[in-house]
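Place chain A on chain Y using the hints.
Those protein sequence lines, which keep their order, are chains Y and A. Per numbering that gives the first Met the number 0, numbering through the first sequence is continuous, rising by one, with the last residue being 499. Per numbering that gives the first Met the number 0, numbering through the second sequence is continuous, rising by one, with the last residue being 499.
Be aware that one or more of the hints could be misleading.
Derived coverage of chain Y by chain A (criterion: at least 3 residues anywhere in the stretch with Cβ under 8 Å from a Cβ of chain A; other residues may be distant) [stated by the list, open to error]:
no. : region
1   : 8–18
2   : 22–28
3   : 217–224
Only part of the chain A face toward chain Y is listed, based on derived beta-carbon distances under 10 Å [stated by the list, open to error]:
no. : residue
4   : MET13
5   : GLY36
6   : SER37
7   : VAL181
8   : ARG244
9   : GLN272
10  : ALA275
11  : GLU279
12  : GLY280
Calculated from the structure, these hints are not laboratory results. As the structure is a prediction and not an experimental result, all values here were calculated from the model. Think of the CB as a built atom: it goes at the ideal place given N, C-alpha and C, for glycine as much as any other residue.
Number of protein chains: 2
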Amino acid sequence: MSQKYEALRQRLSMIHDLNMANAVLSWDMETVMPPGGSAARAQQMSTLSRLSHELFTAAETGELLERAAAEMAGADYDSDEASLIRVVQQDYADATRLPVDFVAEFTKQTALAHPVWAKARAEQDFKQFQPALERLIDMARAAAGYIGYTDHPYDALLGQYERGMTTQQVADIFAAHRPALVELIAAISAAPQVDDRVLYAGYPIDGQRELGKRIVQAFGFDFDRGIQAISVHPFCTHFSINDVRITTRYSEQYVGESLFGFFHEAGHAMYEQGQAQHLEGLPLAGGTSLGVHESQSRLWENIVGRSREFWAWALPLFRAAFPAQTADITAEQMYRAVNKVERSFIRVEADEATYNLHIILRFEIEQAILKGDLRAADLPEAWNTRFQEFFGMTPPNDALGVLQDVHWSAGLMGYFPTYALGNMLSVQYYNAALRADPTIPQAIAAGNFEPLRTWMQTHIHQHGRKFTGAELTQRITGEGIQSRDYIHYLQTKYGDVYRL
Amino acid sequence: MSQKYEALRQRLSMIHDLNMANAVLSWDMETVMPPGGSAARAQQMSTLSRLSHELFTAAETGELLERAAAEMAGADYDSDEASLIRVVQQDYADATRLPVDFVAEFTKQTALAHPVWAKARAEQDFKQFQPALERLIDMARAAAGYIGYTDHPYDALLGQYERGMTTQQVADIFAAHRPALVELIAAISAAPQVDDRVLYAGYPIDGQRELGKRIVQAFGFDFDRGIQAISVHPFCTHFSINDVRITTRYSEQYVGESLFGFFHEAGHAMYEQGQAQHLEGLPLAGGTSLGVHESQSRLWENIVGRSREFWAWALPLFRAAFPAQTADITAEQMYRAVNKVERSFIRVEADEATYNLHIILRFEIEQAILKGDLRAADLPEAWNTRFQEFFGMTPPNDALGVLQDVHWSAGLMGYFPTYALGNMLSVQYYNAALRADPTIPQAIAAGNFEPLRTWMQTHIHQHGRKFTGAELTQRITGEGIQSRDYIHYLQTKYGDVYRL
Numbered sequence: 000m001s002q003k004y005e006a007l008r009q010r011l012s013m014i015h016d017l018n019m020a021n022a023v024l025s026w027d028m029e030t031v032m033p034p035g036g037s038a039a040r041a042q043q044m045s046t047l048s049r050l051s052h053e054l055f056t057a058a059e060t061g062e063l064l065e066r067a068a069a070e071m072a073g074a075d076y077d078s079d080e081a082s083l084i085r086v087v088q089q090d091y092a093d094a095t096r097l098p099v100d101f102v103a104e105f106t107k108q109t110a111l112a113h114p115v116w117a118k119a120r121a122e123q124d125f126k127q128f129q130p131a132l133e134r135l136i137d138m139a140r141a142a143a144g145y146i147g148y149t150d151h152p153y154d155a156l157l158g159q160y161e162r163g164m165t166t167q168q169v170a171d172i173f174a175a176h177r178p179a180l181v182e183l184i185a186a187i188s189a190a191p192q193v194d195d196r197v198l199y200a201g202y203p204i205d206g207q208r209e210l211g212k213r214i215v216q217a218f219g220f221d222f223d224r225g226i227q228a229i230s231v232h233p234f235c236t237h238f239s240i241n242d243v244r245i246t247t248r249y250s251e252q253y254v255g256e257s258l259f260g261f262f263h264e265a266g267h268a269m270y271e272q273g274q275a276q277h278l279e280g281l282p283l284a285g286g287t288s289l290g291v292h293e294s295q296s297r298l299w300e301n302i303v304g305r306s307r308e309f310w311a312w313a314l315p316l317f318r319a320a321f322p323a324q325t326a327d328i329t330a331e332q333m334y335r336a337v338n339k340v341e342r343s344f345i346r347v348e349a350d351e352a353t354y355n356l357h358i359i360l361r362f363e364i365e366q367a368i369l370k371g372d373l374r375a376a377d378l379p380e381a382w383n384t385r386f387q388e389f390f391g392m393t394p395p396n397d398a399l400g401v402l403q404d405v406h407w408s409a410g411l412m413g414y415f416p417t418y419a420l421g422n423m424l425s426v427q428y429y430n431a432a433l434r435a436d437p438t439i440p441q442a443i444a445a446g447n448f449e450p451l452r453t454w455m456q457t458h459i460h461q462h463g464r465k466f467t468g469a470e471l472t473q474r475i476t477g478e479g480i481q482s483r484d485y486i487h488y489l490q491t492k493y494g495d496v497y498r499l
Numbered sequence: 000m001s002q003k004y005e006a007l008r009q010r011l012s013m014i015h016d017l018n019m020a021n022a023v024l025s026w027d028m029e030t031v032m033p034p035g036g037s038a039a040r041a042q043q044m045s046t047l048s049r050l051s052h053e054l055f056t057a058a059e060t061g062e063l064l065e066r067a068a069a070e071m072a073g074a075d076y077d078s079d080e081a082s083l084i085r086v087v088q089q090d091y092a093d094a095t096r097l098p099v100d101f102v103a104e105f106t107k108q109t110a111l112a113h114p115v116w117a118k119a120r121a122e123q124d125f126k127q128f129q130p131a132l133e134r135l136i137d138m139a140r141a142a143a144g145y146i147g148y149t150d151h152p153y154d155a156l157l158g159q160y161e162r163g164m165t166t167q168q169v170a171d172i173f174a175a176h177r178p179a180l181v182e183l184i185a186a187i188s189a190a191p192q193v194d195d196r197v198l199y200a201g202y203p204i205d206g207q208r209e210l211g212k213r214i215v216q217a218f219g220f221d222f223d224r225g226i227q228a229i230s231v232h233p234f235c236t237h238f239s240i241n242d243v244r245i246t247t248r249y250s251e252q253y254v255g256e257s258l259f260g261f262f263h264e265a266g267h268a269m270y271e272q273g274q275a276q277h278l279e280g281l282p283l284a285g286g287t288s289l290g291v292h293e294s295q296s297r298l299w300e301n302i303v304g305r306s307r308e309f310w311a312w313a314l315p316l317f318r319a320a321f322p323a324q325t326a327d328i329t330a331e332q333m334y335r336a337v338n339k340v341e342r343s344f345i346r347v348e349a350d351e352a353t354y355n356l357h358i359i360l361r362f363e364i365e366q367a368i369l370k371g372d373l374r375a376a377d378l379p380e381a382w383n384t385r386f387q388e389f390f391g392m393t394p395p396n397d398a399l400g401v402l403q404d405v406h407w408s409a410g411l412m413g414y415f416p417t418y419a420l421g422n423m424l425s426v427q428y429y430n431a432a433l434r435a436d437p438t439i440p441q442a443i444a445a446g447n448f449e450p451l452r453t454w455m456q457t458h459i460h461q462h463g464r465k466f467t468g469a470e471l472t473q474r475i476t477g478e479g480i481q482s483r484d485y486i487h488y489l490q491t492k493y494g495d496v497y498r499l
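Chain Y on its own, in the form it takes in the complex (with noise of 0.2 Å):
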């Protein structure tokens, strides 16, 4: 009956093993691999994924997409088929506009660009960057060629991202936001600043862990299929719905760059383990898009994991495992102390008030660098003029400027919206499970995280790459992605916290 489907399927079952295949070779590199290890990995992880590669991007897969198509023809939207034949017809689409030649140039480019940036970054000299960065440049414009555009080359580079999402889109709703979020910030640095001394009280790494894992195995992180480990840079990996990865990185000093990195990456990982299993080996499991995924992560680590309602269940774990640091402590100051809105030049440090701007900034800055208008001679320039603009301060170095992201080293741009998009998402998606379920915020006084993971499960894991964002969105909320439910979650709250 579905013979030809099947046939699809069993073929990207395969392409999909060699993926997860890949990544499980880095998930060993980032966490345990020994330094000699190297060489050899880059080379196994290149043949994988140039058999991936050809193994997709082969005539044959377009044949069996297209009588699968033909077969499954008239199928329910949102079934298993008609549903995998839709989103790898347009996987399919993405991959083969890429020439195979430039492909390789590209990974070529961006190893050979990465230790570039990581040293220019290190002495604080974008001249010794700016070579390397305008090729990659050449590179994006020319991959937004390859990839066609309407109206902008940044529509092609953003799709990879989120797809079927306009650079239009983006602008309007970042057109809405700005000037909102640079009045709240003005407000906020005119109150009186927060105490947070507590979360720089030093904290045993032993004590850091058992404390993280007990909490987000509590949000609904399951260790039968997943499990945690160490890393330089915190992320999250999967090799299967039942083999989530996550790994945290600690600080003796500051207690919160483990805690919120846990429920950060946890988010993550509980989109993962909640897809449906029938997905299981298919193209179909997997988030849908990076806005989404970090709407889940920022709803765990930021929503609930800043809580009023969190902390009052939280503070006795917090206490009991760590004592002498939290003698005096009570859950409003913890509440008040994970809170803090303080504007710096780094984004990844940022707090949830000011970190979309951060992101605005990049957005303004890549559709110039995409369009022509900004040469990469430029950018240290223009970066500091415009953050200047929008946070009332010079970085002082590039370092804590323009060479702070390790993103457009390894050829990412289009990519840094997807941050913000998912800041906006995490509210429209909580509130929505708020109105169907109004006892959530009473639940996670309680410890009780089933609900809220419950909903989420229900409404966004369990599709994996079914729909799209928008498409999702659309469903769950009733309309597109805005921001004002993320501006309005922002005033209420600082509003509180800093009595303004």
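Relative to the frame of chain Y, chain A by itself:
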């Protein structure tokens, strides 16, 4: 100039990368994978195996081999080029002799048999395992037919692990070996037993790990090119000459479990780390045979790790790590404790004096099975009768007898002799090193393991798979493998330990 050779090398490197990637997946599975990951991991490993097998056995590989062989005709026997072609021609012949369907069915039957065997062993009930074992015996006989042999079907299976070695050779060696072993064990059994209570004094695992790592680092295991982790069954694996992993199993009660496990696996690991760097990425990298590999693990575990000289150096480290457990112990007492000989039912717990007798028993039984002289149903009785004859005692149940080893359930027949060959070769190679440098024992007593390791690297490790075990042994010792040196080693050592 060497265009055809280069084309061959590239294809073989790609296949090698797939195999190494699969080894990473296996390592991850054995060391950290959560239970939920099993099903997807089995699928991923099966996909990588199948791709690797298809690419290797394809006609194209055969053609590349032929063309490269013609191009490289006359190259020096020891050169990388001639060696690669020679070794891979044999690999190719071996791999293509087994029909693809047979390999798939064999993989399936062993996957099915493993849990059946585990349950039968746990419940001491051979009958449960008998039907699966009958199928695997039939398949082993079929495999021998596919592979081909002149004298004995056992030749075909043995040759998979010890290329070029014949059943008759092993039988001759064992025939000379067995009476001397039996006589020695009888003499030891009649002598007063040594006191090894110090090894069972209770040892915290953190201290065991630090001590084990300290010692194998002194041996020469390079932690910049390898790591150590925990697993249920200790093993060594590698993904590169510069990424070699070992695992350890700890017992809080018995310190010898981890300590000699460390030495054993480090011996395997130093063989892999010691390969010439220009073999990296080629199928020439890796130990040449199971017997030679085992010679290196047994060298460091037994000849070094259970020597008087080693304990002269190691006792102060041991006492510093565990002062309470080792308060009144002398180096001489430690030396005697770690060399306790005891007849026992279980091969993997056997000491170096009784070990080979366990192997000879299995060798005789496997030959009878493959010839068709012994049926699965009659195995328990045949085992127990022979065990009584060899050891003077009868296993009280089949878990301590015919069901104890995992090998047959994994389809591994013809594998056991390599353990005994490894023991013999360890002494032959050590004696050759001593002839070249008689100061090696004094160096060991001073904690300097460099002369011994360097000799092994120069004469064995660096060559990878270029030479067969037989070729290596001839080059190093001027003769073939023999049991004379091993028996002399045992007689001298245990004559001393047991004051015979």
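Chain Y contact restraint on GLU279/A - CB to CB distance below 10 Å: holds (7 Å)
Minimum beta-carbon distance criterion (10 Å), GLN272/A to chain Y: holds (9 Å)
Supplied contact hint for MET13/A, tested at 10 Å Cβ to chain Y: holds (5 Å)
VAL181/A as chain Y interface residue, shortest Cβ-Cβ below 10 Å: violated (45 Å)
Supplied contact hint for GLY36/A, tested at 10 Å Cβ to chain Y: Given a least distance of 3 Å, the restraint on GLY36/A holds.
Verdict on chain A covering the region 8–18 of chain Y, criterion of 3 CB contacts below 8 Å: Coverage by chain A holds here, the residue count being 4 at a Cβ distance below 8 Å.
Whether chain A covers the region 217–224 of chain Y (at least 3 residues having a Cβ closer than 8 Å to its Cβ atoms): holds (count 4)
Interface hint compliance - ARG244/A to chain Y, C-beta minimum distance less than 10 Å: Given a least distance of 8 Å, the restraint on ARG244/A holds.
Annotated coverage of the region 22–28 of chain Y by chain A, confirmed only when three residues or more have a Cβ within 8 Å: Result for this restraint: holds, n = 4.
Hint validity - SER37/A Cβ closer than 10 Å to any chain Y Cβ: Holds, because the Cβ-Cβ distance from SER37/A to chain Y comes to roughly 8 Å (cut-off 10 Å).
Minimum beta-carbon distance criterion (10 Å), GLY280/A to chain Y: OK, holds: GLY280/A within 10 Å of chain Y, min 6 Å.
Satisfaction of the ALA275/A interface hint, Cβ to chain Y closer than 10 Å: Where the cut-off is 10 Å and the nearest Cβ of chain Y is about 15 Å from ALA275/A, the hint is violated.
Against the hints set out earlier in the document, violations occur for numbers 7, 10.
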